[in-house]
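Protein chains in written order, with this note's numbering: chain S, 1 to 478; chain G, 479 to 956; chain U, 957 to 1434; chain X, 1435 to 1546; chain W, 1547 to 1658; chain Z, 1659 to 1770.
Take the hints with a grain of salt, since some may be wrong.
Claimed, not checked - Cut-off 27 Å, straight-line C-alpha distance, at most; resulting in silico cross-link-like pairs (DSSO-like, lysine-lysine):
#, chain 1, residue 1, chain 2, residue 2
1, W, 1564, U, 1200
2, X, 1516, G, 785
3, U, 1265, U, 1357
4, Z, 1676, W, 1564
5, S, 244, S, 357
6, U, 1265, Z, 1698
7, Z, 1692, Z, 1740
8, S, 309, G, 785
9, Z, 1692, Z, 1676
10, Z, 1692, S, 357
Rather than coming from a laboratory, the hints here were simulated on the basis of the structure. Since the model is a prediction, treat every value here as computed from it, not as a measurement.
One-letter residues, chain by chain:
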Amino acid sequence: MAALATAVLVDPSWAQEAAAPAAKAPDLTVDKGDTTWMLISTIIVLLMTIPGLALFYGGMVRTKNMLSVLTQVLAIQAIACLVWFCWAYSIAFTSGADHGFGSFFGGFTKIFANTVEGSVPLTNKVESFSIGVGMYEWLFMCFQMTFCAITTALAIGGFAERIKFSAIVAFAILWPTVVYAPIAHMVWYWPGPSGVATGSTDVPGLIWSFGALDFAGGTVVHITAGIAGFVGAILLGRRLGYGKEPMPPHSLVLTMVGASLLWVGWFGFNAGSNLESNEYAILAMANTFIATAAAGLSWMLVEWLFKGKPSLLGLVSGVVAGLVAVTPASGFVGPMGALVLGLVAGIVCFFFCTAIKSALGYDDTLDVFGIHAIGGILGALATGILVDPALGGAGIVDYAKCTVTDGVYGAPCGALEYNMATQLLAQAKGVLVTVAWSAIGSLAVYTVIAVIFGLRVSEEKEREGLDISEHGERAYNM
Amino acid sequence: MAALATAVLVDPSWAQEAAAPAAKAPDLTVDKGDTTWMLISTIIVLLMTIPGLALFYGGMVRTKNMLSVLTQVLAIQAIACLVWFCWAYSIAFTSGADHGFGSFFGGFTKIFANTVEGSVPLTNKVESFSIGVGMYEWLFMCFQMTFCAITTALAIGGFAERIKFSAIVAFAILWPTVVYAPIAHMVWYWPGPSGVATGSTDVPGLIWSFGALDFAGGTVVHITAGIAGFVGAILLGRRLGYGKEPMPPHSLVLTMVGASLLWVGWFGFNAGSNLESNEYAILAMANTFIATAAAGLSWMLVEWLFKGKPSLLGLVSGVVAGLVAVTPASGFVGPMGALVLGLVAGIVCFFFCTAIKSALGYDDTLDVFGIHAIGGILGALATGILVDPALGGAGIVDYAKCTVTDGVYGAPCGALEYNMATQLLAQAKGVLVTVAWSAIGSLAVYTVIAVIFGLRVSEEKEREGLDISEHGERAYNM
Amino acid sequence: MAALATAVLVDPSWAQEAAAPAAKAPDLTVDKGDTTWMLISTIIVLLMTIPGLALFYGGMVRTKNMLSVLTQVLAIQAIACLVWFCWAYSIAFTSGADHGFGSFFGGFTKIFANTVEGSVPLTNKVESFSIGVGMYEWLFMCFQMTFCAITTALAIGGFAERIKFSAIVAFAILWPTVVYAPIAHMVWYWPGPSGVATGSTDVPGLIWSFGALDFAGGTVVHITAGIAGFVGAILLGRRLGYGKEPMPPHSLVLTMVGASLLWVGWFGFNAGSNLESNEYAILAMANTFIATAAAGLSWMLVEWLFKGKPSLLGLVSGVVAGLVAVTPASGFVGPMGALVLGLVAGIVCFFFCTAIKSALGYDDTLDVFGIHAIGGILGALATGILVDPALGGAGIVDYAKCTVTDGVYGAPCGALEYNMATQLLAQAKGVLVTVAWSAIGSLAVYTVIAVIFGLRVSEEKEREGLDISEHGERAYNM
Amino acid sequence: MKMVIAIIKPFKLEDVRKALDEIGIEGLTVTEVKGYGRQKGHTEIYRGAEYEVTFVPKLKLEIAVPTESVTRVMDTITSMAKTGQIGDGKIFVTPIEQTVRIRTGETDTAAL
Amino acid sequence: MKMVIAIIKPFKLEDVRKALDEIGIEGLTVTEVKGYGRQKGHTEIYRGAEYEVTFVPKLKLEIAVPTESVTRVMDTITSMAKTGQIGDGKIFVTPIEQTVRIRTGETDTAAL
Amino acid sequence: MKMVIAIIKPFKLEDVRKALDEIGIEGLTVTEVKGYGRQKGHTEIYRGAEYEVTFVPKLKLEIAVPTESVTRVMDTITSMAKTGQIGDGKIFVTPIEQTVRIRTGETDTAAL
Ligand SMILES: Nc1ncnc2c1ncn2[C@@H]1O[C@H](COP(=O)(O)OP(=O)(O)O)[C@@H](O)[C@H]1O
Ligand SMILES: Nc1ncnc2c1ncn2[C@@H]1O[C@H](COP(=O)(O)OP(=O)(O)O)[C@@H](O)[C@H]1O
Ligand SMILES: Nc1ncnc2c1ncn2[C@@H]1O[C@H](COP(=O)(O)OP(=O)(O)O)[C@@H](O)[C@H]1O
């Protein structure tokens, strides 16, 4: 009673901080609406990879290499599932406080999804972005599994039509371990709302500690994959006849189907990354509609302007560029911000995939650099600007300022003081670290593979096509 | 106490009415299960358009025009997103009470999804069909956005294989504004359960005020699109060689895939239109299974009877006809009603797409008239009959008869006195207004476009195919 | 008061039993999160069949028979919907206590989904696997409808490329009635948690009464379909030129797309079979990722080892084999168990579809026996072992041991004493009964059809291809 | 007997076939070919890459005819396949020394 | 040297190829063609529209053979490709004046 | 006039076409064909079934040329299409008795 009285008299914020150490974290409660949302999100992110990405990529290669792309994507999906479940999840989402590199990667306490001791921890929970709102950890594990898989699959776009299948298998085992999981840890491993509120002393990921924002993986997924693909493209060198023989997409129909499924599934990716079925998931959805539409149209229009005709490939490329760019921004920016971001993304990526690419002359088969790396970087930086409430952004929640009710932290939590320079700097640092880690890590992975299996097929096999030479099948027997 | 006593003594209904003015609307509460359901419904309606409708339509055209159809559908999806977000949503779903034409279209108070003043109204809510059950407005906006897009895309089926792409772009901007949004306003803009309960004086949409029922858009979507496509088909004239050269579908495989995805996504369309995850969504689902299956089979069987063979195209056409016909009825009729409706729809649409079409000799490339306009009209009228509880229908809720508990309106609400003549008349009036508005509005839109860009490509371009002449690409490079 | 005192003094379990007769079943409450989950699950199981299974199967046949497969699958989907709604649901999921064969099939009390008396029982509920957790019966009916459809469609893989379409239509009407519905009744008709808790005297399904476990239909769906397909393959005999002419899959691209959609939709199948959006749905999801990935890779690797090359068809076949094998196990085994199960399934099915198949020389066109029957049997037996908590399994709930709170049964419920021998025996008996019923029932169905319509097309028609001879269309007109 | 080989624009096939029917030509064989000649192709652009497609789709008709009918057949084809625009195609006549109908073993004109 | 041109039913290809192998014909070139002749096509119906498909799929074999082997080759093909039903196809023999094997520059029969 | 028929490896088409352009050959017709000869095919495995694919994809070029240019054309093709590996293909020369350009009715070399 007296305590209450004082609390009322003093400045509440001070009172709160004062109260903080005393107050404790809320119990995590799981809502079935959220569980359902995350089940679905997981399912449709899988849809993005198979058949989505497989078709988007496959349609752009020549008939003789179609199956190789499909096989690579599906095999990666399968391998990544196991790698993630067996050890990569643990590397990404456990604390590394016990070793010196905790801000780079976690530990092995949750290998085999925490089933080592044979028990089935069905009811383990993790916290969403709302304090006290829980989610079953295995669902989180499955959701993140699909991210690991699609990121790995995206990377191979850089060196399609010439890589050995054995190299792909090795890549799917090593790369998520050495490159993806650590970057996921750096960007997304943090103490969670309650942890921050209670001033947890756990070691968060490096990039998270910069204060860099990445709502759904612009950095973790797209920059990482884009850079890895680019490095691979350089290492393997150009396809035979690149620039001389025509290499038109063998089926833009399939590419369009793939792009459509990417858009559809991307709502699980972006809105799902909210981990909760609330207003922010809806904001992410709205932005994923608007930015994507804007980017598709802006690419189409600049192409119409500069190349004379609006092409389907241009339109779908813009759509994907928009999806990439809005990924880190989806839950942070407002719809108007998404509109602007989309328009810019379509134009910037267009120039990277046309003018700049041909100027530099590298053979990034499916433009994973021009679209994913560039779009991801653009999105990451733009997020730092457009999150600004003054620009219609949603602002940044400060979990150190959550309300305390009878000694327990709870919603609402306060907003972080926004400063554009600071935020942009944080975003830029995040981008740089990601680019560096992905470039170096991928290089290491390719080198190991090159030594053991070799990376590229023989000239003869490449000419015959990977479908027959590597898989002994033909895509179409009409 | 005394009041209570009297209340008990008097006829309760009278008491309620007496109480009504006194009582106030309930606060809107949002359930995460509902939010998740609407997120998904929105996502799978997008799936209907891309790749669903794109493939359904694309598979039926000739190879040389395949990409043009895919590009048109995807571009329309993108443009409609922006048009809807920027102004069309406001035209459709805001009150027009402040101007004289409130029963035809709304105002501009919510352009840019209500973000004009820069703020992000994440928590705005709209009411579902259950009194007091809320839904975040931006989710409603996104859900309706997908409806606007697919309706616009459906319309182009009437003049595929000969229209200029520039004309399509203009169409995608003008048509939703002039035709779709107003019709959506006429049919679906109403005060909502609480509004009706509290006797709101807002100006509802014209067709809603007739008392016409359209659960998921039989009128708004299908009749509107069907008529627009038909008018366009007449204006552009027949394709070169129509009736002389064979023009078989270039890939019934893709058409079947498209139809399947339409069926799958249509549950988001029909059951999603319930805006809530409850028994009525389930009723809509059951009906969408039963009517669709029945229509697919009835079309197939009459074709078997009259043409000698049951074709895949016949089966999928029937499936789509059934989906169209059950759309307005899905949440109102019972499963037996849906069964009957489906059987009839398959047969009626079959005759319109065969006998009657060839008799009249118009070239509605993809039968948007024979299937969507006719199926939609059939469904709209049938809904008026089959909603009858005596025929196993669910009846019509009368929100003017909601229960009052301590001065707040709440469920359950009473049922409207059903009268077939009245209801059929209301449905018929709704159909007529829709047909008229769509015909006149579309004509206006086409005229403007014809003047500015022209509608039809040159003979030479049409012969070469729109893929190369308009987009500079080929669908297949096998 | 005294009673309470004694209750406290005595051994609680005894107290419970004592209390049991007194205690009553809880009211069923429906959560919107669960409803949404089951709506989605139903939708994505439909996606499995169309276009999933249609493409998976269609891609493997020759071009000239492509449409026939698509038409058969879609027609079966449509027919099965109606058959299920009209009578098969009632046969499967009503009590047969009133006739002597209650453990084999139910009655006709719910034909036409219980709408016989014209009323629309929108609010009927069934109980999930958690005591007191309800689900609307019509949603359950729709969910199970999609199972009936896909099972029937799976079976035709055994005799594709040579069967008459009229025979398929008859098959789609008779087989679900005579074979599928009874087996579903035998495995899945039981009193439900409350029924068991309150010691219901209703007659459960035969196989359920063995104590056999089948979480999502390894027996009901896969063994049943696999055996039916096998019997059909034998009866119809080999395709013309089988073993002589090459019969390569006409489009592995479509087969891969189909397999991907099967995987995606299978989460609705497996996790959806939990009927509730809780930890067990998540367990089923995790297992459906892990076992599937493992099986895809193990098939690919043994093929690489024994045939020299890892093929896409091998990978997708393994994926499907894994999905099949994990189906009965998904909610019972732990992830490590799923991993083992998957690895084994890929290898076992590989040998059945290669060595053993060519040894026996039967022409099971699409390997429905080698993958679905064998994978299903393997999964059914393995479930009996891997459910063991000692092996990381989830164990078996014993609803006879639910907690009683103020005279009402509720969660948590106790666990069944696990004994491997007993459980394996139960599983084995379940498999045998299923194999026997499906073999005999299918044989009967084929015989009737053979007599009325004949099963196989003429040599000439088979050579020309079923697309033109049976449906009057061609799949591709490029 | 001669083999008349005609390369025509695809959309002219039906007209030509009907016309030949009328002058009693009961059989022919058609092949989808790609032609290179005066008629320009078109440019295709896929993201950065531009391709000059120099080949245009054509149909090749092979018609075995009794020597005496050659001129009539050539005239018929020329008149039916002509649009007057570049790319209408060519007709070549080559000698046939023997002909057999597989089904019956008939030879020469009897085989047609 | 002669060019033996045979038009056959597609499913007969393997039989014919094997038989030619046996009589020492080491090479041939196959083209997918569409044939028009006595053999009826079929009707296809797509919603309202019905199409009479008059062309049936065939394979065209081109086999360059030394003049002396012509008869043997023709007989082999005739016997293997025959089903006795309308549409079995034809064999045409045309003269070849020169032959070269690109890889070696060998000419005439040495080039085969 | 002669018809030069060349069977080459598909990826050699552009080189050959360009080279012919340079020696003034303004037209030709290309057909996708399947070849059987010394060059081995490959094996394809689909689940249990293994297929020996004996036919390899080739392109057939048909080039009508004035008799005097035949040798030059043959040399050009031989040099451009050669890889030195089995399967480079063949060139056959057959006689053409008449030629017409459909568009203009021009005949003989004027028709080329
Ligand atoms: N010398 C040639 N040999 C074989 N085919 C030729 C030759 N010249 C042209 N053709 C074929 O004839 C077609 C039409 O020729 P082209 O020069 O384009 O127009 P035109 O027929 O009006 O002269 C070409 O596409 C090609 O298929
Ligand atoms: N005059 C012809 N010139 C070239 N090809 C022909 C001619 N007549 C028939 N053919 C080819 O032979 C095939 C079979 O001929 P058709 O008259 O149908 O049966 P048959 O071989 O039994 O006489 C046709 O499909 C066509 O490809
Ligand atoms: N006797 C023949 N008649 C027609 N075409 C032939 C003949 N022999 C070979 N060919 C064609 O030439 C191609 C190459 O022949 P092949 O024997 O494989 O190699 P090479 O050209 O080095 O001798 C074959 O694929 C086939 O298309």
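Hint check results:
| no. | hint | result |
| --- | --- | --- |
| 1 | W:1564 x U:1200 | holds, 13 Å |
| 2 | X:1516 x G:785 | violated, 37 Å |
| 3 | U:1265 x U:1357 | violated, 54 Å |
| 4 | Z:1676 x W:1564 | violated, 38 Å |
| 5 | S:244 x S:357 | holds, 16 Å |
| 6 | U:1265 x Z:1698 | holds, 19 Å |
| 7 | Z:1692 x Z:1740 | holds, 18 Å |
| 8 | S:309 x G:785 | violated, 43 Å |
| 9 | Z:1692 x Z:1676 | holds, 23 Å |
| 10 | Z:1692 x S:357 | violated, 37 Å |
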